[in-house]
Amino acid sequence: MDELLFRFQVKEVNEAGDDYSSRDVLVLCKILDSKKDLLQEGLFRVRFNSVGIYPFPADIARQVTSRKIQRLLLMELKRYIKPQRKFLKPGSYKPVW
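Oh and the sequence shown: position 14 is 14 in my numbering, straight run, nothing missing.
No lab work stands behind these hints: they were computed from the structure. There may be inaccurate statements among the hints.
[Stated by the list, open to error] Label-pair distances were calculated between CB atoms; the ranges are:
(1) ASP19 / LEU72: 28 to 34 Å
(2) LYS94 / ASP37: 23 to 29 Å
(3) ALA58 / LYS35: 28 to 34 Å
Built from N, CA and C at the ideal position, the CB exists for glycine as well.
All chains should be built: construct the whole structure from the sequences, respecting the hints.
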């Protein structure tokens, strides 16, 4: 498989309402091949709190058939959210692309 490019954009952040002060982030993801052709596009939920970052595996499994891409997407979603955690406040976010 060629190298894949992942493009992410936060669409919405909500309080999860659990004991860990978690927040749920709705992320628009575009998966592109090495020629920048769109392979997949979808919305994926990611929950984060002070303990960790947890993409919803069911969202990924429902939209992405390739096991390899599923694993890569899980890792990339975590890597995308990690540096932004302290800045993600509840609300909707405007598209940048």
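Status of each hint after checking the structure:
1. ASP19 / LEU72: 28 to 34 Å: holds, 31 Å
2. LYS94 / ASP37: 23 to 29 Å: holds, 26 Å
3. ALA58 / LYS35: 28 to 34 Å: Roughly 30 Å apart at Cβ, these two residues keep to the hinted range, so it holds.
Hint violations for this structure: none, all hints satisfied.
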